[in-house]
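What follows is the residue order along each chain.
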Amino acid sequence: AQRVTQPEKLLSVFKGAPVELKCNYSYSGSPELFWYVQYSRQRLQLLLRHISRESIKGFTADLNKGETSFHLKKPFAQEEDSAMYYCALLTGGGNKLTFGTGTQLKVEL
Amino acid sequence: NAGVTQTPKFRILKIGQSMTLQCAQDMNHNYMYWYRQDPGMGLKLIYYSVGAGITDKGEVPNGYNVSRSTTEDFPLRLELAAPSQTSVYFCASSNREGKNIQYFGAGTRLSVL
Chain A
1 AQRVTQPEKL
11 LSVFKGAPVE
21 LKCNYSYSGS
31 PELFWYVQYS
41 RQRLQLLLRH
51 ISRESIKGFT
61 ADLNKGETSF
71 HLKKPFAQEE
81 DSAMYYCALL
91 TGGGNKLTFG
101 TGTQLKVEL
Chain B
1 NAGVTQTPKF
11 RILKIGQSMT
21 LQCAQDMNHN
31 YMYWYRQDPG
41 MGLKLIYYSV
51 GAGITDKGEV
61 PNGYNVSRST
71 TEDFPLRLEL
81 AAPSQTSVYF
91 CASSNREGKN
101 IQYFGAGTRL
111 SVL
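First to last, the sequence lines map onto chains A and B. Read left to right, the first sequence gives residues 1 to 109 (our numbering). Read left to right, the second sequence gives residues 1 to 113 (our numbering).
No lab work stands behind these hints, which were simulated from the structure alone. Ideal placement from N, C-alpha and C gives every residue a C-beta, glycine not left out. Among the clues, some could well be false.
For each label pair, taking beta carbons as the anchor points, the in silico distance ranges come out as [what the hints assert, rightly or not]:
#1 B:Gln-17 with A:Phe-76: 46 to 52 Å
#2 A:Ile-51 with B:Pro-8: 34 to 40 Å
#3 A:Ile-56 with B:Gly-3: 15 to 21 Å
#4 B:Gln-22 with A:Gln-42: 36 to 42 Å
#5 B:Gln-17 with A:Gln-42: 26 to 32 Å
#6 B:Arg-77 with A:Lys-73: 22 to 28 Å
#7 A:Ser-26 with B:Pro-61: 20 to 26 Å
#8 B:Arg-77 with A:Phe-14: 24 to 30 Å
Part of the chain A face toward chain B, derived, beta carbon under 7 Å [unchecked claim]:
#9 Phe-59
#10 Leu-63
#11 Leu-90
#12 Asn-95
#13 Gly-100
For reference, chain A alone in the conformation it holds in the complex (with noise of 0.2 Å):
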């Protein structure tokens, strides 16, 4: 069965620091990858998907397929980036989200 891990519940960083949310999935299929984001009272909402390759707002996400792993990064964080990080796998019919439990990142001046 598919399967999303964010080892971290919350992560706390100082302003300037490199960020790095880890998520591993397990997934017999061919793997398409999310982050979705949730800042203070807002929606959640697409952040970068690993299909695209972007980076958005600094950020960016590589596909491992070997370590079955999607972590996100960030060079240097800003306080703005303080918010819950979600990892999610697209599965089945129907367009269907697994997604991990979570991490809360903290950036702190």
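Starting from the known structure of chain A, fit chain B onto it as the hints suggest.
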């Protein structure tokens, strides 16, 4: 441009009561979803729909029912509310032509006491 709209925002129910959580989208998306999010957990799929008249169970469907009579609306029904259904409920919609991106509503916070 409203996107996905959920009502109500908050609700308190007594055990055994019933209610319907409303969800509407104005993006002409085929796919719609209901998730629940419990504290410290990820979002779990309750039900989903691939188009009007077609619904299917997700990971945690017990205690819920859905219908999809129009493309725009996807209500979630709780028939006999139980404390285990205390959660935050999110509705989402997507379209394959939209690159499988799901768009979420603001959520409904439900407490069953």
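Each hint, compared with the structure:
1. B:Gln-17 with A:Phe-76: 46 to 52 Å: Since the Cβ atoms of Gln-17 (chain B) and Phe-76 (chain A) sit about 50 Å apart, the hinted range of 46 to 52 Å holds.
2. A:Ile-51 with B:Pro-8: 34 to 40 Å: holds, 36 Å
3. A:Ile-56 with B:Gly-3: 15 to 21 Å: Cβ of Ile-56 (chain A) to Cβ of Gly-3 (chain B): about 19 Å, so the range 15 to 21 Å holds.
4. B:Gln-22 with A:Gln-42: 36 to 42 Å: Given about 20 Å between the Cβ atoms, the range is violated.
5. B:Gln-17 with A:Gln-42: 26 to 32 Å: Holds: the Cβ-Cβ distance is about 30 Å, inside 26 to 32 Å.
6. B:Arg-77 with A:Lys-73: 22 to 28 Å: At roughly 42 Å between Cβ atoms, Lys-73 (chain A) and Arg-77 (chain B) fall outside 22 to 28 Å, so the hint is violated.
7. A:Ser-26 with B:Pro-61: 20 to 26 Å: Taking Cβ atoms as reference, Ser-26 (chain A) and Pro-61 (chain B) lie about 22 Å apart, which means the hint holds.
8. B:Arg-77 with A:Phe-14: 24 to 30 Å: violated, 47 Å
9. Phe-59: violated, 16 Å
10. Leu-63: Because about 15 Å separates Leu-63 (chain A) from the closest Cβ in chain B, which is outside the 7 Å limit, the hint is violated.
11. Leu-90: It holds, given that the least Cβ distance between Leu-90 (chain A) and chain B is near 6 Å, below 7 Å.
12. Asn-95: Where the cut-off is 7 Å and the nearest Cβ of chain B is about 5 Å from Asn-95 (chain A), the hint holds.
13. Gly-100: holds, 5 Å
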